[in-house]
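Protein chains in written order, with the working numbering: chain F, 1 to 175; chain G, 176 to 556.
Fair warning: there could be bad hints in the mix.
As the list claims (entries may be wrong) - So the derived list for chain F, only partly shown, Cβ under 8 Å to chain G, looks like this:
#1 Ala23
#2 Glu32
#3 Ser57
Said to hold, decoys possible - Some residues of chain G that are not near chain F, with every Cβ distance over 10 Å (derived):
#4 Ala194
#5 Gly237
#6 Glu263
#7 Asp308
#8 Arg368
#9 Thr374
#10 Gly412
#11 Ile432
#12 Glu448
#13 Lys474
#14 Ile476
Don't read these hints as lab results, they were simulated from the structure.
A virtual CB, placed ideally from N, CA and C, is assigned to each residue, including glycine.
Each chain is listed here by its residues.
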Amino acid sequence: MRKQIRLSGSGGQGVITAAIIYAEAAVSAGMEAVQSQSYGPEARGGASKSEVIIDDSHPIFHPHVKTPDVVLAMTQKAADKYYGDLHSDGILILDTDLVPEPPKFGNIIQVPITKIAIEQAGKSLFANIVALGVLTKVLNLVDLDTVRTAVSHRVPPHTIEANMKALQLGYDAVK
Amino acid sequence: MSKARLMQGNEACAEGALAAGVRFFGGYPITPSTEIAEGMAKMLPKVGGKFVQMEDEIASMGVVLGASLAGKKALTASSGPGISLKQELIGYAAAAEIPVVIVNVQRVGPSTGQPTAPSQGDVMQARWGTHGDHPMIALSPWSVREAFDTAVMAVNYSERFRTPVILLMDEIVGHLREKVELPEASELEIYPRRQPSKTRAEGYQPYAPAEDLVPNVADFGNGYHIHVTGLIHDETGFPVGNPKVTREAIDRLHKKIAIAQDEITHVEEYCMEDAEYAVVAFGGTARTAYEAVLEARKKGIKVGMVRLITIWPFADKAIKALAAKVKGILVTELNYGQIVNEVERAAAGQCPVELCAKYDMTIFEPEEILEGIENLAGGNK
Numbered sequence: 001m002r003k004q005i006r007l008s009g010s011g012g013q014g015v016i017t018a019a020i021i022y023a024e025a026a027v028s029a030g031m032e033a034v035q036s037q038s039y040g041p042e043a044r045g046g047a048s049k050s051e052v053i054i055d056d057s058h059p060i061f062h063p064h065v066k067t068p069d070v071v072l073a074m075t076q077k078a079a080d081k082y083y084g085d086l087h088s089d090g091i092l093i094l095d096t097d098l099v100p101e102p103p104k105f106g107n108i109i110q111v112p113i114t115k116i117a118i119e120q121a122g123k124s125l126f127a128n129i130v131a132l133g134v135l136t137k138v139l140n141l142v143d144l145d146t147v148r149t150a151v152s153h154r155v156p157p158h159t160i161e162a163n164m165k166a167l168q169l170g171y172d173a174v175k
Numbered sequence: 176m177s178k179a180r181l182m183q184g185n186e187a188c189a190e191g192a193l194a195a196g197v198r199f200f201g202g203y204p205i206t207p208s209t210e211i212a213e214g215m216a217k218m219l220p221k222v223g224g225k226f227v228q229m230e231d232e233i234a235s236m237g238v239v240l241g242a243s244l245a246g247k248k249a250l251t252a253s254s255g256p257g258i259s260l261k262q263e264l265i266g267y268a269a270a271a272e273i274p275v276v277i278v279n280v281q282r283v284g285p286s287t288g289q290p291t292a293p294s295q296g297d298v299m300q301a302r303w304g305t306h307g308d309h310p311m312i313a314l315s316p317w318s319v320r321e322a323f324d325t326a327v328m329a330v331n332y333s334e335r336f337r338t339p340v341i342l343l344m345d346e347i348v349g350h351l352r353e354k355v356e357l358p359e360a361s362e363l364e365i366y367p368r369r370q371p372s373k374t375r376a377e378g379y380q381p382y383a384p385a386e387d388l389v390p391n392v393a394d395f396g397n398g399y400h401i402h403v404t405g406l407i408h409d410e411t412g413f414p415v416g417n418p419k420v421t422r423e424a425i426d427r428l429h430k431k432i433a434i435a436q437d438e439i440t441h442v443e444e445y446c447m448e449d450a451e452y453a454v455v456a457f458g459g460t461a462r463t464a465y466e467a468v469l470e471a472r473k474k475g476i477k478v479g480m481v482r483l484i485t486i487w488p489f490a491d492k493a494i495k496a497l498a499a500k501v502k503g504i505l506v507t508e509l510n511y512g513q514i515v516n517e518v519e520r521a522a523a524g525q526c527p528v529e530l531c532a533k534y535d536m537t538i539f540e541p542e543e544i545l546e547g548i549e550n551l552a553g554g555n556k
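Put together the whole structure using the sequences plus the hints.
The structure is reproduced here in structure tokens:
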């Protein structure tokens, strides 16, 4: 079983960190994982994309996603740019408020990711971890506890509690 | 419990260098190599090493040569624009026989080029970037684990042969994160700094070659009087302006590597047992080439892959033998066509050699290489 995942947004939203954490969780669950990324020269504000390929048995050679199974888009621009090559059975996950005009695609899951981060987790900074919770639920590949551990290894110690809350909020936001 | 973890190629490179005994890093940040400097900055102080961010690329090369002469295994890392600036001192290291490893995480050039997109365009620069006759060792990893392994090899070769070694990485592998399990320190063979075998009273000459043609130059601060120069010098280390010394010095620089070439030049073969065609690839591009080979096999084309781990000295023997065996070779590289000329030279007309080149900021897709394989196989039916 191989899953190709693309996380996209703008620089500063933390989609690359979310991708790295998910790949780390997959590795600690015993799977193969590769993660790559591309971003514009700006540290913030430019387009940002990260791809993760996960395989439960076979090594992964070519490192880029060709036909993603899941695309997460955290901005309108990212949604428009990165949903096109989605697998026909794939899933497009959108930040409801930041993607006001959803692309015409069959299987869309809308979650107010950034709104949840601000209103319930306390800061927009947690949007990527809310998104990670959403992704964990939608993909159903790596269990939430393993993702929790991966988050706690990546984030500053004094923010672990807030990040755990953000992760759970995202996970629970998917019906 | 498994020690497997997710790690980036650049991080693994830094880990490998540290494991091989590097205790000094001097550098100047440049994408896509910066994580190597970051890794060394974090790790070196914990093992009593030193990290220095220098004022520019040239000073970064100078300071690692100084550190090496003072007895520390030394590393610098950069990308094309920085490697161009370092060339004078890379030549100095070759002439003065100073062990040092230079990592080049390649990006699109020439000049500042296309920051910071992937490329393999510095293959010939690695060989001939600095002027004059000199040997060169360059290695190119295709995976995160191999970034670690080739970093260890690069440090070992630089110490064993007292020569600059270029670790020719690319953005694909440098920035890739993948599952990796690193070896224990006890599993590694580390080549120690060579030491003088004679005292001054016994007539020690710093540049007198040992049996393997490599001199045991004393480190500064060990009680020996050493003179280091980029001028052609005799066994004393002082410059000598005569034809015999000049010829012998240039001969020895080349021979010390040539006599060990079979140990230095590593290639790996995939699906080659019954192969009628072969893809030659290296670095991150080999990952995509391998998928293309597997796809072509599904279509009934008997094709395999020969992967160059050592880029320089070039795998003449392996490619010559390959060309005698197969009906055609496809060289895939992320540049306008560089290593293909070496493959053609080594193949010496025994079989057709075709080029599959790409130089547009993006990496190969397997289909592009598959098309090259199909054309090669179709054209020779």
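Hints and how they fare:
1. A distance limit of 8 Å between C-beta atoms decides the matter here; for F/Ala23 the minimum to chain G is near 5 Å, and the interface restraint holds.
2. Proximity of F/Glu32 to chain G holds as hinted, the smallest CB-CB distance being about 6 Å (cut-off 8 Å).
3. Checking F/Ser57 against chain G: minimum C-beta separation of about 12 Å lies over 8 Å; hint violated.
4. In this structure G/Ala194 is separated from chain F by more than 10 Å, as the shortest Cβ-Cβ distance comes to about 21 Å.
5. Every beta carbon of chain F lies more than 10 Å from that of G/Gly237, the smallest distance being close to 29 Å; the non-interface claim holds.
6. The claim that G/Glu263 is not at the interface with chain F holds, since no C-beta of that chain comes within 10 Å of its own (minimum 29 Å).
7. Every beta carbon of chain F lies more than 10 Å from that of G/Asp308, the smallest distance being close to 38 Å; the non-interface claim holds.
8. Its beta-carbon lying about 36 Å from the closest one in chain F, G/Arg368 satisfies the requirement of being farther than 10 Å from that chain.
9. The beta carbon of G/Thr374 is kept farther than 10 Å from every beta carbon of chain F, the shortest such distance being approximately 53 Å.
10. Distance to chain F confirms G/Gly412 as a non-interface residue, since its nearest Cβ pair spans about 46 Å, more than 10 Å.
11. No Cβ of chain F approaches the Cβ of G/Ile432 within 10 Å, the least distance being about 32 Å, so the stated non-interface status holds.
12. The claim that G/Glu448 is not at the interface with chain F holds, since no C-beta of that chain comes within 10 Å of its own (minimum 19 Å).
13. A cut-off of 10 Å between C-beta atoms confirms that G/Lys474 is not in contact with chain F; the least separation is 17 Å.
14. Every CB of chain F lies more than 10 Å from the CB of G/Ile476, the least distance being 18 Å, so the non-interface label holds.
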